[in-house]
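Read top to bottom, the protein sequences are chains V and E.
If you count the first sequence from 1, position 372 lands on 379 in the working numbering, and the numbers rise without skipping.
If you count the second sequence from 1, position 18 lands on 99 in the working numbering, and the numbers rise without skipping.
Read the hints as simulated data drawn from the structure, not as lab findings.
Model, not experiment: these values are computed from the prediction.
Warning: the hint list may mix true and false statements.
Said to hold, decoys possible - Beyond 12 Å from chain E on every Cβ pair, some chain V residues (computed):
hint: 1; residue: Met62
hint: 2; residue: Val87
hint: 3; residue: Tyr166
hint: 4; residue: Val171
hint: 5; residue: Asp217
hint: 6; residue: Arg404
hint: 7; residue: Pro443
hint: 8; residue: Asp489
To be verified - Computed Cβ-Cβ distance ranges for the label pairs, DEER-style:
hint: 9; chain 1: V; residue 1: Arg333; chain 2: E; residue 2: Glu165; range: 28 to 38 Å
hint: 10; chain 1: V; residue 1: Lys203; chain 2: E; residue 2: Leu152; range: 40 to 50 Å
hint: 11; chain 1: E; residue 1: Ser109; chain 2: V; residue 2: Ile44; range: 33 to 43 Å
hint: 12; chain 1: V; residue 1: Glu458; chain 2: E; residue 2: Leu119; range: 23 to 33 Å
hint: 13; chain 1: V; residue 1: Asn564; chain 2: E; residue 2: Val149; range: 12 to 22 Å
hint: 14; chain 1: V; residue 1: Cys34; chain 2: E; residue 2: Gln87; range: 21 to 31 Å
hint: 15; chain 1: E; residue 1: Glu165; chain 2: V; residue 2: Asp510; range: 18 to 28 Å
Stated by the list, open to error - Rough simulated footprint, nothing fancy, chain V against chain E, three-plus residues with beta-carbon under 8 Å:
hint: 16; segment: 97-108
hint: 17; segment: 136-146
hint: 18; segment: 158-164
By construction, the Cβ of each residue, glycine as well, lies at the ideal position given by its N, Cα and C atoms.
Single-letter residue listing:
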Amino acid sequence: MSRRPSSAPKFAAWRFWVVSLLLLTLCSLLIGRLVLIQAIDKDHGSEFLKKQGAMRAVRLAEIPAYRGLITDRRGEPLAVSTPVVSLWANPAHLTDSGRLDELAAALNISVGDLRKRLALYGDKQFMYLARHQTPDQARRVLDLKIAGVRSEREYRRFYPAGEVVSQVVGLTNVDGQGIAGLEKAFDEWLLGHPGKKRYLKDLHGDAVRDIGVVTEARPGKELALSIDLRLQYLQHRELQRAMVETGAEAGAAVTIDAWTGEILAMTNHPVFNPNSRAGFDYAATRNRVVTDAFEPGSTIKPLTLVAALESGKFTIDTLIDTSPGRIRVGRKMLPDPSNYGEISVSRIIEKSSQVGVTKIAQAIGHEPVLDVYRRFGLGVSSGIGFPGERAGIVPNRERWSDIEKVTLAFGYGLTATPLQIAHAYTVFANKGLRIPLTLLKRSPEQTVDGERVVSEATASEVLTVLGRVTGEHGTAKRARVDGFSVGGKTGTVHKVGAGGYIDDQYLALFVGIAPMDNPRYVTAIVVDQPKGDAYGGGAAAAPIYSRITNGVLRLRNAVPAIEAPTETRLVALGGGQ
Amino acid sequence: MALNRQSMMSALLVTLCLGSALGVIYSSHVCREFYAALQELEAQRWASQEQYSRLLLEHSTLASPHRVLGLAEDQLQMHAPNVESTRVVTR
């Protein structure tokens, strides 16, 4: 007998329908909602929700980019970006952490300082704990795994050559932007463009997973300078040594390869260490070679000589009577150190005779002199684009007094930078062509077009006279270099103070060209306020020139003019290019 | 007959659809793997760059003119030749 147990539940149709209806309603509600989100509601639909979700979890992070390397002309690094790690924290998370002691010890700061800084940034989401740590240092802190302490990759600029080339290369700020020197001038070129990547973060803000790169980081480009670090170092060493010997306040030196217009070395005193920001003196970042314009004094006389020769009234052998060793112009008496008597134009430059130059200036007038100054680039910036470069002043007056017309011819009443004066002298080394200067390396194939500013004949005559300045009768015997003949011109200028010229403060100047048989290297030396009796250009600046040029010629493989000996010996001649 | 072709067609489409769905899954998996590899490579690049700049600095410190001059003069008793000890060799 088969019988259903009486306890078995009876099938209740109405319950079945109620449940089915309920499920169906729920299902259609869900479908309706889906349709609403996906298709109908535009403002609060799927797009909106996706965005809201991403806002809560997806973050963009910066991928740091490498700043371009700066090298000298031979590839020696002058500024290098190295990877470092900056540690940061969310103060809100860290303040309550019980591990502040541990953290402070790892960071090498006192707990008190850390607490003070946490209090200061208490209402912020971000604060740096320590910037620019070496990866090893940072790893030590991160290995403590303190909640809220995070790291960020950055680059830090190092300057391997340090103070030797500091004013030229300049420096960057802590965020890697150029703020001085070539770092500033070529910031666009050197600058790396940081990329962006997307990542997912968790509730605490920690990165959970990288999603992908949005834009690739583009590293900055390399910059090869015209500077030769070996010459730069040599010039730096000699300049610093001379500063100690002469007790001078400041100094500057620049060496130019006249044939290519490349600046081979450019140094200053005082110097600064670009690798240390502590105790940093911004005044010392000044590159005096381009930022300091002063009255060039007698170093400008070769340009006056150009004007004299071009006037047709003088040759370098024309005799001029300079007795009695002084001359009155207006109310001013211009003296020579002694009575030179009747001497040639050439000798006037050799001796740097004020009387002689005054007579030349009176004979040719001031306009031709001004014209020559302008043609040689005085009063116009050099075009190397160095930040803070000065152009100097070549006056343009309505009326000229007698004394102004004359002093202009011997370098007072106008200003120029050491670089401009050196650049003017390159014209004599280039047979009358003026080649634009550069601080960047020129490739050997690159031809540079010079601008003719004087005739070849005039340039070579001036060169002859400059060669005699270091000769027996000249003012710059101490500029001589063993084995080479060099030429140049001294200058001794009164410094200008609040009440006009200061009697016992001088600038000692020397600008030289070497070697005379194949003139190529132009070097200008400025010694600011040498102490003692050796304050003149011939005594304070010329010896520095001699020592620097000795090294320049050796390192650049110039062939010394020495007699071949009877015995044969093999001797090496300095380094490579 | 027509019905049969139609159902064959839908079966094919369903298979293709499923295949492409699986393909999407696979490709996004591969993508993730590649991205992980990329990240690893980038970490490597970072480490190499770290080492490169450290070596560069080390090299330029060791080869600095200041140090070379000091070593040449003090340890090796070298000096730059003066004119008297220089002979020009012409070819």
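These are the hints, each one checked on the structure:
1. Consistency note on Met62 of chain V: stated as away from chain E, and its beta-carbon is indeed over 12 Å from all of that chain's, at 23 Å minimum.
2. The claim that Val87 of chain V is not at the interface with chain E is violated, since a C-beta of that chain comes within 12 Å of its own (minimum 5 Å).
3. Against the 12 Å criterion, Tyr166 of chain V falls within the reach of chain E, whose nearest CB is about 10 Å from its own CB.
4. Here Val171 of chain V does not stay apart from chain E, with its beta-carbon only about 8 Å from theirs, under the 12 Å limit.
5. The Cβ of Asp217 of chain V does not lie farther than 12 Å from every Cβ of chain E; its closest approach is about 6 Å, which violates its non-interface assignment.
6. The Cβ of Arg404 of chain V lies farther than 12 Å from every Cβ of chain E, with a closest approach of about 48 Å, so its non-interface assignment holds.
7. Separation of Pro443 of chain V from chain E is adequate, the least Cβ-Cβ distance of about 29 Å exceeding the 12 Å criterion.
8. Distance check on Asp489 of chain V: its Cβ comes as close as 4 Å (rounded) to a Cβ of chain E, failing to clear the 12 Å threshold; non-interface status is violated.
9. Between Arg333 of chain V and Glu165 of chain E the beta carbon distance is about 44 Å. The supplied range of 28 to 38 Å is therefore violated.
10. Between Lys203 of chain V and Leu152 of chain E the beta carbons are some 48 Å apart, a value that agrees with the proposed interval 40 to 50 Å.
11. For Ser109 of chain E paired with Ile44 of chain V, a C-beta distance near 23 Å fails the hint of 33 to 43 Å.
12. Checked against the hint of 23 to 33 Å, the C-beta distance between Glu458 of chain V and Leu119 of chain E comes to roughly 53 Å, which is inconsistent with it.
13. For the pair Asn564 of chain V and Val149 of chain E, the supplied restraint of 12 to 22 Å holds, since their beta-carbon distance comes to about 18 Å.
14. Distance hint for Cys34 of chain V and Gln87 of chain E: a CB-CB separation of about 29 Å, consistent with the stated range 21 to 31 Å.
15. At about 44 Å, the beta-carbon gap between Glu165 of chain E and Asp510 of chain V misses the expected band of 18 to 28 Å.
16. With 0 residues bearing a CB less than 8 Å from a CB of chain V, the segment 97-108 of chain E misses the requirement of three and the coverage assertion fails.
17. For the segment 136-146 of chain E, the stated coverage by chain V is satisfied: 7 residues place a CB nearer than 8 Å to a CB of that chain, which reaches the threshold of 3.
18. Three residues within the 8 Å Cβ limit are the bar, and the segment 158-164 of chain E against chain V gives 4, so the coverage statement holds.
Of the numbered hints listed earlier, those contradicted by the structure are 2, 3, 4, 5, 8, 9, 11, 12, 15 and 16.
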